[in-house]
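One line per chain: the protein sequences are A and B, in this order. Mapping of the first sequence onto the working numbering: position 17 corresponds to residue 202, and the numbering continues sequentially without gaps. Mapping of the second sequence onto the working numbering: position 46 corresponds to residue 49, and the numbering continues sequentially without gaps.
It cannot be assumed that every hint is accurate.
[To be verified] As a list, the in silico DSS-like pairs of lysine-lysine whose alpha-carbon atoms are at most 30 Å apart:
hint	chain 1	residue 1	chain 2	residue 2
1	A	K532	B	K28
2	B	K56	A	K532
3	B	K277	A	K369
4	A	K513	B	K187
5	B	K229	A	K532
6	A	K396	B	K277
No lab work stands behind these hints, which were simulated from the structure alone.
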Amino acid sequence: MQRRLLRTLFTAAAMAGLALTAQARDLTVVSWGGAYQDAQREVYFKPYMASGNKMAEESWDGGVGTLRAKLQGGNNNWDVVQVESEELLLGCEEGLFEKLDWTKLGGKDKYLSDAVNDCGVGAIVYSFVLSYDGDKIKGDAPKSWSDFWNTQKWPGKRALRKGPKTTLEIALMADGVAPQDVYKTLGTPAGVDRAFAKLDQLKANLIWWEKGSQPPQLLASGEAAMVDAYNGRIAAANDKDKKNFKIVWTNNLYTIDSWVIMKGSPNKADAEKYLVFVNDPNNQKNLPPKIPYGVTTKASTGLIDKNVLPNLATAPENMKSAVYINDKFWLENLDKLNQRFNAWVAK
Amino acid sequence: MTTAAAILDDRGLARGLARSQRRIKLRAIALTLPLLLFLLATFVGPIGALLTKSVIDSDVPRILPRVTAALQNWDGRSLPPEPAWIALADDVRAARAEGNLASAATRLNYDVTGYRSLLFTTGRRLPDKIEGSARDAFLEIDPKWGELETWGALRRAAGPVTDFYLLAALDLRRDASGHIAPEKDDEVVFRSILGRTLWISGMVTLICLLMGYPTAWFLAQQTGRKAAILLFLVLLPFWTSLLVRTVAWVVLLQREGVVNDALLTAGLIVEPLKMIFNRFAVYVAMVHVLLPFMILPLYSVMKSIPPSYLRAAASLGAPPLVAWLRVYVPQTLPGVGAGCLMVFIQALGYYVTPALVGGADDQMISYFVAFYASKTINWGMAAALALILLATTMALYTVYQRLIGLDRMRLG
Numbered sequence: 186m187q188r189r190l191l192r193t194l195f196t197a198a199a200m201a202g203l204a205l206t207a208q209a210r211d212l213t214v215v216s217w218g219g220a221y222q223d224a225q226r227e228v229y230f231k232p233y234m235a236s237g238n239k240m241a242e243e244s245w246d247g248g249v250g251t252l253r254a255k256l257q258g259g260n261n262n263w264d265v266v267q268v269e270s271e272e273l274l275l276g277c278e279e280g281l282f283e284k285l286d287w288t289k290l291g292g293k294d295k296y297l298s299d300a301v302n303d304c305g306v307g308a309i310v311y312s313f314v315l316s317y318d319g320d321k322i323k324g325d326a327p328k329s330w331s332d333f334w335n336t337q338k339w340p341g342k343r344a345l346r347k348g349p350k351t352t353l354e355i356a357l358m359a360d361g362v363a364p365q366d367v368y369k370t371l372g373t374p375a376g377v378d379r380a381f382a383k384l385d386q387l388k389a390n391l392i393w394w395e396k397g398s399q400p401p402q403l404l405a406s407g408e409a410a411m412v413d414a415y416n417g418r419i420a421a422a423n424d425k426d427k428k429n430f431k432i433v434w435t436n437n438l439y440t441i442d443s444w445v446i447m448k449g450s451p452n453k454a455d456a457e458k459y460l461v462f463v464n465d466p467n468n469q470k471n472l473p474p475k476i477p478y479g480v481t482t483k484a485s486t487g488l489i490d491k492n493v494l495p496n497l498a499t500a501p502e503n504m505k506s507a508v509y510i511n512d513k514f515w516l517e518n519l520d521k522l523n524q525r526f527n528a529w530v531a532k
Numbered sequence: 004m005t006t007a008a009a010i011l012d013d014r015g016l017a018r019g020l021a022r023s024q025r026r027i028k029l030r031a032i033a034l035t036l037p038l039l040l041f042l043l044a045t046f047v048g049p050i051g052a053l054l055t056k057s058v059i060d061s062d063v064p065r066i067l068p069r070v071t072a073a074l075q076n077w078d079g080r081s082l083p084p085e086p087a088w089i090a091l092a093d094d095v096r097a098a099r100a101e102g103n104l105a106s107a108a109t110r111l112n113y114d115v116t117g118y119r120s121l122l123f124t125t126g127r128r129l130p131d132k133i134e135g136s137a138r139d140a141f142l143e144i145d146p147k148w149g150e151l152e153t154w155g156a157l158r159r160a161a162g163p164v165t166d167f168y169l170l171a172a173l174d175l176r177r178d179a180s181g182h183i184a185p186e187k188d189d190e191v192v193f194r195s196i197l198g199r200t201l202w203i204s205g206m207v208t209l210i211c212l213l214m215g216y217p218t219a220w221f222l223a224q225q226t227g228r229k230a231a232i233l234l235f236l237v238l239l240p241f242w243t244s245l246l247v248r249t250v251a252w253v254v255l256l257q258r259e260g261v262v263n264d265a266l267l268t269a270g271l272i273v274e275p276l277k278m279i280f281n282r283f284a285v286y287v288a289m290v291h292v293l294l295p296f297m298i299l300p301l302y303s304v305m306k307s308i309p310p311s312y313l314r315a316a317a318s319l320g321a322p323p324l325v326a327w328l329r330v331y332v333p334q335t336l337p338g339v340g341a342g343c344l345m346v347f348i349q350a351l352g353y354y355v356t357p358a359l360v361g362g363a364d365d366q367m368i369s370y371f372v373a374f375y376a377s378k379t380i381n382w383g384m385a386a387a388l389a390l391i392l393l394a395t396t397m398a399l400y401t402v403y404q405r406l407i408g409l410d411r412m413r414l415g
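Okay, chain A solo, but in the shape it has when bound (with noise of 0.2 Å):
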């Protein structure tokens, strides 16, 4: 009987603190996972715990669909999230997100411009890059996207992201419109001709890649002599395959992901305590050393490891002619471009 009633009495308070775990969850912040997360733990997590706050962390895959279950299925577990712009466009426009306070963060100002929006702070920018193999073109080596299309003094193929994001882009770089017409010129159906028949020019030679660790297998391979690539990939194979692929940063084409609140976070508080911390500065400048990614803060340039700063998105110099990539842009007309890419691919 006394057994029964301590049993009874036993379970009850581990409900009762099960409720009480639910209620009061820590601070859940979700990112990508992988080595990237890996960094993000070594720099953020554990000195953000170490200075007495709690917090736990999860990743996901993407997919504004996940974030909209999340908030539609009414059991929300997620506090901070990693986006990708495109996920922080759409989900700032449909209220998945809380408004971020700009004053507690420091003020704008405190950060590079696209790295503001309403409701996401940047936290990495990297890019779209040329690129090519050190030990293959040497001498006299290629500059620019129109110097991606001279195959009379480079011969060799040349890889490109398949799809029109970021290849129609390049295409009207190489064909010599300024970086800050791109997207004005893109949005005209002349522009888009025009980025085709640059295009045509190129396609005996062009061949086509779709996951991030591709082009540097293809240049590795000999496949091809230039790809566009993402410039994390390429300081990776030289890191970590000793490899002697050179970037060229002019017109590199780059992008933002960014760190959100997901509306209605019963930690809102803390998840802005968390984002005050990773946005100082002093803790930004320790992940570009672990994974070459840069970092939204104006100060932490200054900061970097002057051996790392040349790798990132960031480096003023690398910085100078860039683009950032229009994600307002390709919402409105990735399914058009697409179609009429496939098209084109497929003549």
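Mind docking chain B on chain A? Use the hints.
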């Protein structure tokens, strides 16, 4: 009396027979039931459900119900009357409050570029209560609301069923007044991809036949241990994953791959040959994967042809080639028919192999099914293309059956 009794008995007998046969039939059905249910649950059901997505259009009527209803009797020749505008305003406000405007915007953006931002900007700027004409308020927000195409797209998406995706998969579309018109020249893509799919599958089947027929013939001549070993070699590829076999071709055929290195060292070529990410590689890899499906039915048919037939032909004075062509080959035709059908139909749906070893203009229709299903998350287009592939396969199968006849086929 006796006859009547006999008839009665007969009836009883017939009934008894029918009853016992019914029992046998029921037992047979009961035995196949698990398989039938399994097929229904894992094959017919899901595929059927997926294919219906190609004609179902429920997002816009669900999210914007009032304006959908208001546009039902609209003629499409001039801008709709005031009630439709008011209905649209109510719908957009309600959808924004519900937070589901995005699904409707996505669907409309498939049809008319810019619809997504049009809906969202309109939602943001729309006052809670419109003073005066709703039409003027909308035109003030964005002049695009004054275009017939904008309203045409809204009506085209009114559901509950649509031919939008199926037409698009055939490079067709409907204009604002509802007539079917060809897609713009620079967006025409799917018909040529269907043609390419059929062409590649046909070529692969032909190459498989040309290579498989002599192989099967040679195999059929062997006996005992030798035959067993050779047959084992034919079956060996089945023991390796399709993906591994395909990726192995990448390693072999690439610019600095095994084949190019060997040819360069042998001095046969001076420049590495381009053998990967093109049609050549697709043919090589697909033939490699599908060849056993040609060899096996051929082998089993050839094995069953008694050698005495050829001897009889020879004894009647036929030279060896004539005997072979007129006596042997016709008897193998059921195997040829079965092998070609198996290879061709499997080739039609190939996705992984062309995706890994082919170039951009070697992709077959299933690549685009995957593209819409997993990249742009446009289930309507994915289902429409899948339906067209399925319909083409069925049509070809019917023609094939008419020409050759299923009863003349031997699958081994």
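Hint check:
1. A threshold of 30 Å between alpha carbons decides the hint, and for A/K532 with B/K28 the separation of about 56 Å lies outside it, so the pair is violated.
2. Distance restraint check for B/K56 and A/K532: the Cα-Cα separation of roughly 29 Å lies within the 30 Å cut-off, and the hinted pair is therefore satisfied.
3. Note on B/K277 and A/K369: the hinted pairing is violated, with a Cα-Cα distance of about 38 Å set against a maximum of 30 Å.
4. Taken as a hint, the A/K513 and B/K187 pair is honoured in the structure, with Cα atoms around 24 Å apart against an allowance of 30 Å.
5. Proximity of B/K229 to A/K532 is assessed by CA-CA distance (about 49 Å); at most 30 Å being required, the pair is judged violated.
6. At roughly 22 Å between alpha-carbon atoms, A/K396 and B/K277 fall within 30 Å of each other, so this suggested pair holds.
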